[in-house]
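**Q** Residue numbering for the sequence shown follows our numbering, starting at 1 and increasing by one per position.
I should point out that these hints are in silico values taken from the structure, not numbers from a laboratory. Heads up, some of the hints might be wrong.
Estimated spans, in silico, between C-beta atoms of each pair [to be verified]:
1. V10 / H296: 46 to 52 Å
2. A69 / S40: 21 to 27 Å
3. V52 / L184: 28 to 34 Å
4. L184 / P62: 31 to 37 Å
Just so you know, these numbers come straight off a predicted model, no measurement behind them. Beta carbons: idealized from backbone N, C-alpha and C, even for Gly.
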Amino acid sequence: MAWFTLNALVVRLLCCDQQGYSSFWSANAALSAALLVLRSGQVVAVVAACLVINFALNLLKPWSLTNNALYVLLNLFQSVIAAAAARRFCGATTDLTRIRRLSVFGLIALVSACVEACVGTLLTALINGGGLLGLDFIQWICCDALGLLLAMPMTVVIAHSGLRRIDLSGLWRRRRLAGAVLPLLAAGASVVSFVFAGTQCYLLLYPCLSWLAMQFGPSLILMTIFVVSTCASALTAHGVGPMAMLAAQHGSWPGYILLQPFLITLLLTVLPANIMLAERARSERRLRRSEIRLRHASSHDPLTLLMNRWLFRRQLSAALDSGHRFALLFLDIDHFKSINDTFGHSSGDRLLQAFAGRLLSIAGECDGRAGRFGGDEFVLMVPIDSVADCARRCDGVLDILQRPYEALPGRAVTVSIGAAISTPLCHEGALIQSADEALYAAKAAGRATFRVAHAPAASLQSVA
Numbered sequence: 001m002a003w004f005t006l007n008a009l010v011v012r013l014l015c016c017d018q019q020g021y022s023s024f025w026s027a028n029a030a031l032s033a034a035l036l037v038l039r040s041g042q043v044v045a046v047v048a049a050c051l052v053i054n055f056a057l058n059l060l061k062p063w064s065l066t067n068n069a070l071y072v073l074l075n076l077f078q079s080v081i082a083a084a085a086a087r088r089f090c091g092a093t094t095d096l097t098r099i100r101r102l103s104v105f106g107l108i109a110l111v112s113a114c115v116e117a118c119v120g121t122l123l124t125a126l127i128n129g130g131g132l133l134g135l136d137f138i139q140w141i142c143c144d145a146l147g148l149l150l151a152m153p154m155t156v157v158i159a160h161s162g163l164r165r166i167d168l169s170g171l172w173r174r175r176r177l178a179g180a181v182l183p184l185l186a187a188g189a190s191v192v193s194f195v196f197a198g199t200q201c202y203l204l205l206y207p208c209l210s211w212l213a214m215q216f217g218p219s220l221i222l223m224t225i226f227v228v229s230t231c232a233s234a235l236t237a238h239g240v241g242p243m244a245m246l247a248a249q250h251g252s253w254p255g256y257i258l259l260q261p262f263l264i265t266l267l268l269t270v271l272p273a274n275i276m277l278a279e280r281a282r283s284e285r286r287l288r289r290s291e292i293r294l295r296h297a298s299s300h301d302p303l304t305l306l307m308n309r310w311l312f313r314r315q316l317s318a319a320l321d322s323g324h325r326f327a328l329l330f331l332d333i334d335h336f337k338s339i340n341d342t343f344g345h346s347s348g349d350r351l352l353q354a355f356a357g358r359l360l361s362i363a364g365e366c367d368g369r370a371g372r373f374g375g376d377e378f379v380l381m382v383p384i385d386s387v388a389d390c391a392r393r394c395d396g397v398l399d400i401l402q403r404p405y406e407a408l409p410g411r412a413v414t415v416s417i418g419a420a421i422s423t424p425l426c427h428e429g430a431l432i433q434s435a436d437e438a439l440y441a442a443k444a445a446g447r448a449t450f451r452v453a454h455a456p457a458a459s460l461q462s463v464a
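Turn these sequences into a full structure, and let the hints steer you where they fit.
**A** Below is the structure:
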């Protein structure tokens, strides 16, 4: 309602000539947005308030009360048509910062304005007498269609989520203040260019706004175009600017009609390019996210989200190259097949996920690495200082991993661990083989325990 009041007030007080005509009427965009985004319980009150405000502001113009009421109802008529068509053809969210949706909405704005103009000129002729005026008909269509095109995309953004959606990113990402004052700078540029209309510098608005369209998102560019259009319309209505000069020299067409092609071409020059660049940026972001997801999927186990064999071996090789001492632990859930057969595969999967979560927590606490080689076989790489430190690590890991699991109420879960300690010039294959052999030794010793191979390919020594 506040947005409708602001638009109606600015147009009626600043952008209308002495006969009450303006280059565009943007307040209908607020009505259409209200019909689109508000709940049914709110729509009636908001629309009724907007109609009252519209009627009150129309009293400032030299119109009869009958014409005043007619224009208010016609504004509502066009808003209903535009909102219904936008919901039907532009999607439920009606995000008009997409080139296809904006193109469709442009057609909706034109058709709804034509229907309103036909009904409006016919009723006006019947009420006031006289024939249909072609100039009034053309002005009516251009005024209301242009108002919807200029204001509706920005109004929908604001109505959906407020000013926080206004995109200030781009070339000046680290200087958001420049983006915040951009509409004010554009307003100043349009005022200067229209005041000095004889220099034709108003044409510089095309390249300037086109350059800005390459640097900022659609929301901010929409606001900038709207501010420039409002300034140009206000100046033209008060006899300032190139269109007012042209109308004064020739007199066949009023300035507000001559301004409409300028505003339309400005909008169609700047906004489509800006939206296409934004769509390209969104596509690139989606591709990057897809690439990240695919890279993660190719290097991590889908069930537990731990590193898979390929990535873990790369991490293991890098750790060996660093020269730091660490222990490689092979972990196996004892009698996991029996658990699957007894409780079902879904319970088994939940156990694996909970087991992996504990393993990942252990790795995070000691700057280690955790992975899954397949089935119930897991691996853990942890930094150590000595063989005794490795034994303490294994004992602590066993204590954590053998605590009760919610996935298997009443069932004890035991774990066997085989550990191998890295040595200088040790190869990853030899270290893996030693840890695997240590795991088999732990199972042979009765499970629920651990064994440590002091060196790759060395004889196994019991530490439990």
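**Q** Run every hint past the structure and note whether it holds.
**A** A quick look at each hint next to the structure:
{"no.": "1", "hint": "V10 / H296: 46 to 52 Å", "in the structure": "51 Å, holds"}
{"no.": "2", "hint": "A69 / S40: 21 to 27 Å", "in the structure": "25 Å, holds"}
{"no.": "3", "hint": "V52 / L184: 28 to 34 Å", "in the structure": "31 Å, holds"}
{"no.": "4", "hint": "L184 / P62: 31 to 37 Å", "in the structure": "33 Å, holds"}
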